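J.: Given next are the chains, with one letter for each unit.
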Amino acid sequence: MSRTIHLTLKVWRQEGAEGKGRLETYEARDISTDMSFLEMLDVVNERLTLEGKEPIAFDHDCREGICGMCGAVVNGRPHGPEKGTTLCQLHMRHFQDGDTLVIEPWRSRAFPVVRDLVVDRGALDKIIQAGGYVSVNTGSAPEANSLPVPEETAELAMDAAACIGCGACVAACPNAAAMLFIGAKVSHLALLPQGRPEAADRVRAMTLEMDRLGFGACSNHKECEAECPKEISISHIARLNREFFKSGFFSRK
Amino acid sequence: MTLNARVPDGPLAEKWDRHRFEMKLVNPANKRRFDIIVVGTGLAGGSASASLAELGYNVKAFCIQDSPRRAHSIAAQGGINAAKDYTNEGDSIWRLFYDTIKGGDFRSREANVYRLAQVSNHIIDQCTAQGVPFAREYGGLLANRSFGGVQVQRTFYARGQTGQQLLLGAYGAMSRQVKAGKVTVYPRRDMLDLVVMGGRARGIVVRNLVTGRIERHAAHAVVLATGGYANVYFLSTNAMSSNVSATYRAYRRGAPFANPCFTQIHPTCIPVHGDYQSKLTLMSESLRNDGRIWVPQTPGDQRPASQVPEEERDYYLERKYPAFGNLVPRDVASRNAKTVCDEGKGVGETGYAVYLDFADALRREGRESIERKYGNLFQMYERITGENPYETPMMIYPAVHYTMGGLWVDYNLMSTLPGLFVIGEANFSDHGANRLGASALMQGLADGYFILPVTIGGYLAEGGLAEVAVDDPAFEQAEEDAAARIKRLLDVGGRRTVDDFHRELGRIMWEYCGMSRTDEGLTKARGLIQDLRAAFWQGVTVPGSAPSFNQSLEKAGRVADFLEFAELMVLDAVSRCESCGCHFNEAYQTEEGEARRDDEKCRHVAAWEWAGDGREPILTLEPLEFENVELKQRSYK
Numbered sequence: 004m005s006r007t008i009h010l011t012l013k014v015w016r017q018e019g020a021e022g023k024g025r026l027e028t029y030e031a032r033d034i035s036t037d038m039s040f041l042e043m044l045d046v047v048n049e050r051l052t053l054e055g056k057e058p059i060a061f062d063h064d065c066r067e068g069i070c071g072m073c074g075a076v077v078n079g080r081p082h083g084p085e086k087g088t089t090l091c092q093l094h095m096r097h098f099q100d101g102d103t104l105v106i107e108p109w110r111s112r113a114f115p116v117v118r119d120l121v122v123d124r125g126a127l128d129k130i131i132q133a134g135g136y137v138s139v140n141t142g143s144a145p146e147a148n149s150l151p152v153p154e155e156t157a158e159l160a161m162d163a164a165a166c167i168g169c170g171a172c173v174a175a176c177p178n179a180a181a182m183l184f185i186g187a188k189v190s191h192l193a194l195l196p197q198g199r200p201e202a203a204d205r206v207r208a209m210t211l212e213m214d215r216l217g218f219g220a221c222s223n224h225k226e227c228e229a230e231c232p233k234e235i236s237i238s239h240i241a242r243l244n245r246e247f248f249k250s251g252f253f254s255r256k
Numbered sequence: 026m027t028l029n030a031r032v033p034d035g036p037l038a039e040k041w042d043r044h045r046f047e048m049k050l051v052n053p054a055n056k057r058r059f060d061i062i063v064v065g066t067g068l069a070g071g072s073a074s075a076s077l078a079e080l081g082y083n084v085k086a087f088c089i090q091d092s093p094r095r096a097h098s099i100a101a102q103g104g105i106n107a108a109k110d111y112t113n114e115g116d117s118i119w120r121l122f123y124d125t126i127k128g129g130d131f132r133s134r135e136a137n138v139y140r141l142a143q144v145s146n147h148i149i150d151q152c153t154a155q156g157v158p159f160a161r162e163y164g165g166l167l168a169n170r171s172f173g174g175v176q177v178q179r180t181f182y183a184r185g186q187t188g189q190q191l192l193l194g195a196y197g198a199m200s201r202q203v204k205a206g207k208v209t210v211y212p213r214r215d216m217l218d219l220v221v222m223g224g225r226a227r228g229i230v231v232r233n234l235v236t237g238r239i240e241r242h243a244a245h246a247v248v249l250a251t252g253g254y255a256n257v258y259f260l261s262t263n264a265m266s267s268n269v270s271a272t273y274r275a276y277r278r279g280a281p282f283a284n285p286c287f288t289q290i291h292p293t294c295i296p297v298h299g300d301y302q303s304k305l306t307l308m309s310e311s312l313r314n315d316g317r318i319w320v321p322q323t324p325g326d327q328r329p330a331s332q333v334p335e336e337e338r339d340y341y342l343e344r345k346y347p348a349f350g351n352l353v354p355r356d357v358a359s360r361n362a363k364t365v366c367d368e369g370k371g372v373g374e375t376g377y378a379v380y381l382d383f384a385d386a387l388r389r390e391g392r393e394s395i396e397r398k399y400g401n402l403f404q405m406y407e408r409i410t411g412e413n414p415y416e417t418p419m420m421i422y423p424a425v426h427y428t429m430g431g432l433w434v435d436y437n438l439m440s441t442l443p444g445l446f447v448i449g450e451a452n453f454s455d456h457g458a459n460r461l462g463a464s465a466l467m468q469g470l471a472d473g474y475f476i477l478p479v480t481i482g483g484y485l486a487e488g489g490l491a492e493v494a495v496d497d498p499a500f501e502q503a504e505e506d507a508a509a510r511i512k513r514l515l516d517v518g519g520r521r522t523v524d525d526f527h528r529e530l531g532r533i534m535w536e537y538c539g540m541s542r543t544d545e546g547l548t549k550a551r552g553l554i555q556d557l558r559a560a561f562w563q564g565v566t567v568p569g570s571a572p573s574f575n576q577s578l579e580k581a582g583r584v585a586d587f588l589e590f591a592e593l594m595v596l597d598a599v600s601r602c603e604s605c606g607c608h609f610n611e612a613y614q615t616e617e618g619e620a621r622r623d624d625e626k627c628r629h630v631a632a633w634e635w636a637g638d639g640r641e642p643i644l645t646l647e648p649l650e651f652e653n654v655e656l657k658q659r660s661y662k
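As you go down the protein sequences, you meet chains A and B in turn.
Each residue of the first sequence is one higher than the one before, starting from 4 at the first, in the numbering used here.
Each residue of the second sequence is one higher than the one before, starting from 26 at the first, in the numbering used here.
These are computed hints drawn from the structure, not numbers from a lab.
Computed from a predicted structure; not experimentally measured.
Glycine included, each C-beta is placed from N, C-alpha and C at the ideal position.
Be aware that one or more of the hints could be misleading.
Residues from chain B that keep clear of chain A, each with C-beta distances beyond 12 Å, as calculated [stated by the list, open to error]:
#, residue
1, 47
2, 96
3, 156
4, 340
5, 417
6, 541
7, 545
8, 548
Derived CB-CB ranges, DEER-like [as the list claims (entries may be wrong)]:
#, chain 1, residue 1, chain 2, residue 2, range
9, A, 244, B, 516, 53 to 59 Å
10, A, 238, B, 662, 37 to 43 Å
11, B, 508, A, 153, 53 to 59 Å
12, A, 28, B, 559, 37 to 43 Å
13, A, 51, B, 486, 53 to 59 Å
14, A, 249, B, 498, 39 to 45 Å
15, A, 151, B, 340, 36 to 42 Å
Only chain A is shown next, with the shape it has when bound in the complex (with noise of 0.2 Å):
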């Protein structure tokens, strides 16, 4: 059954890229423990709103955990103290009356603040543009079982293409490194055969495109796979690391 709390929040407030950020605090009053995070800065915002302010911006669409556009530390946390959760599915249930809150956005040098809570990930997507794909014009498939695939590896493909490519592993990771989404990406092609043919430079291609944005180096504190989401296993950075000591015999580059 429901109940009703009250929280104080701290959130951060940052007006644009070049402006200087500052937490600012708010009382979160009767908030019903059924409410999603976000649901209850809805609330939050609705009462800025009615009060002349401005409300506090934060990105988000889905809200069923899959679209990858939410996100902000809680307490220190990426996306929250709940295991495998994204912001939007983490539930007022799992805080206790008179909690304080401090949310802020991710911090990374590859990840600019847009606005309070809005960062921008496009360095995500330029890693994925480096080479996260099978190159296959559309038309030229070959019919879908004349490639046989072991369930197994599959499933362990699939594992890794779960990725919703939020950044959570780069917010919580010290280094700030993204080696848990390049990892996962990397895995999943490598796995399948579909994705073997390009396995090389491809590995090749997207780390050298992470360190060109600015992003950090693993050191195998594993912060990524605790914060994580969608519960994405560092086995994926393992396999990352072999791919690209392979690479170093057979690219072509």
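Assemble the complex: chain A is given as a structure, and chain B must be docked to it using the hints.
T.: Chain B alone, transformed into the frame defined by chain A:
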């Protein structure tokens, strides 16, 4: 206005081949001279952008989100249909065609639907080659499952995340073309208007959502892949930013809007739980393969599910439709849920929910098998409701999910406005009055990968497209109009928030233009919408300024368009004097309470044309000819 569907002559199965042969082609070397704007990067827009760029066209792709990978197609769970017949059940292109036409209650064009079924198999090949990790059998070949409204297993799936995987495939293909320099992506852009020059669509004006600046973009053709308008109901399963503005603005520039009242109510969603609720969450229809839907037989029965003995439960779908049982089409399943809840048999805190029970399936197959099929859905349910569906039955209720109506297009997917192409959910073409499960992904990708890239070439090859520049007066005018509208929104300075108006609009639409409609209710709704619109322009408050990142302003513009568009939906619903598919007017039903079509009077597409502010839109009918299927009363018994 005349509506020429441009359906090619000849036998149904040969039309698409013949059409492709008869269309003019653009020489491969000349394709680079053409610029194409694609608005929206979901399955339709993403696949179109990639495929057009592969052909050599220069593509400018626009999306609202911060990345093209986040379009709402990503949330589709269940699967994608194709006529592969890997299961040896007697499936065929013809059967997929027939099921889709029948599922749509005979309100779609035969030729379009047949073509959809024809290209369905290529989609599976294409996506598999891209590395989409579809579910597989132990032998390594692709697995299939069944979905509502059909009796063969033709649905391909990737766990409960099929939309995500297909979209990431298209996004990958598109990203490859970004690297190749053939696609330029413009993220965080909101389309504010369509620019028409010399009677042709030649560009768009968009608002850069980060800077607030209005930008102009010209092209030789404009493709709208902007999805559906289910958010007119405020609560729907659509993503928060899904809106009607792009298609509605095109409508105001002369593109007819077809069948706007055809909106699908999905039977298996998590019930509403409070006023603050911002959206509804769908539970894939695939759950109906193994879940059994029931309510207590006695109205007002407050006992928990576990204490209601078997003989006091009403498995109403299995009872009424023994052949299809829990797998009846969505409209039938939704309406029946509403009926039992209206009879007082609903469950849960509000009484607006029915059980979806997996106890039998868990006993039969074991937890591991169920977990493999639906694990992430069960998790999602538990996360939202705090209840464990392995132990207590799920509670579900219908919610608005998809809109079959959309901009009118001909066989080439082009509007009556030359140069304006509309694909995916944004057009009206393939699903008639009701869409079958796993058909939306199929249509979006059919349009984007295989149909549009061919037909747009036919248009461009016709020639007669002068070069245009963004300093043309038509662009100037469109930008001025858009800026004036933004200023007007900011200047109202009222006391009610945008969401508050949107919520009220949603209540009106759900009550009077939802699962069950009456002429009186619709007429009343029209008045209520007009009043609400007037109140909005006098009483809305939009904080912040125009030249900045301003999410309240974004929402305000979209809700302002919904407030106009809602009236068009109601008008369309009143003018359709029959029940068909999802459009259920209580005055037209069979003795058993099923939708009763009127094929004499209503075998048509209703296309509405903008006539100016304050004037009644003009209705033009496109008669639907059925030469290959026999029109029948749908029966799922």
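J.: Are the hints correct? Go through all of them and say.
T.: Comparing the hints with the structure gives:
{"no.": "1", "hint": "47", "in the structure": "19 Å, holds"}
{"no.": "2", "hint": "96", "in the structure": "8 Å, violated"}
{"no.": "3", "hint": "156", "in the structure": "5 Å, violated"}
{"no.": "4", "hint": "340", "in the structure": "28 Å, holds"}
{"no.": "5", "hint": "417", "in the structure": "14 Å, holds"}
{"no.": "6", "hint": "541", "in the structure": "27 Å, holds"}
{"no.": "7", "hint": "545", "in the structure": "34 Å, holds"}
{"no.": "8", "hint": "548", "in the structure": "32 Å, holds"}
{"no.": "9", "hint": "A:244 with B:516: 53 to 59 Å", "in the structure": "58 Å, holds"}
{"no.": "10", "hint": "A:238 with B:662: 37 to 43 Å", "in the structure": "51 Å, violated"}
{"no.": "11", "hint": "B:508 with A:153: 53 to 59 Å", "in the structure": "58 Å, holds"}
{"no.": "12", "hint": "A:28 with B:559: 37 to 43 Å", "in the structure": "39 Å, holds"}
{"no.": "13", "hint": "A:51 with B:486: 53 to 59 Å", "in the structure": "54 Å, holds"}
{"no.": "14", "hint": "A:249 with B:498: 39 to 45 Å", "in the structure": "59 Å, violated"}
{"no.": "15", "hint": "A:151 with B:340: 36 to 42 Å", "in the structure": "39 Å, holds"}
Going down the numbered hints, you'll see the structure goes against 2, 3, 10, 14, while the others check out.
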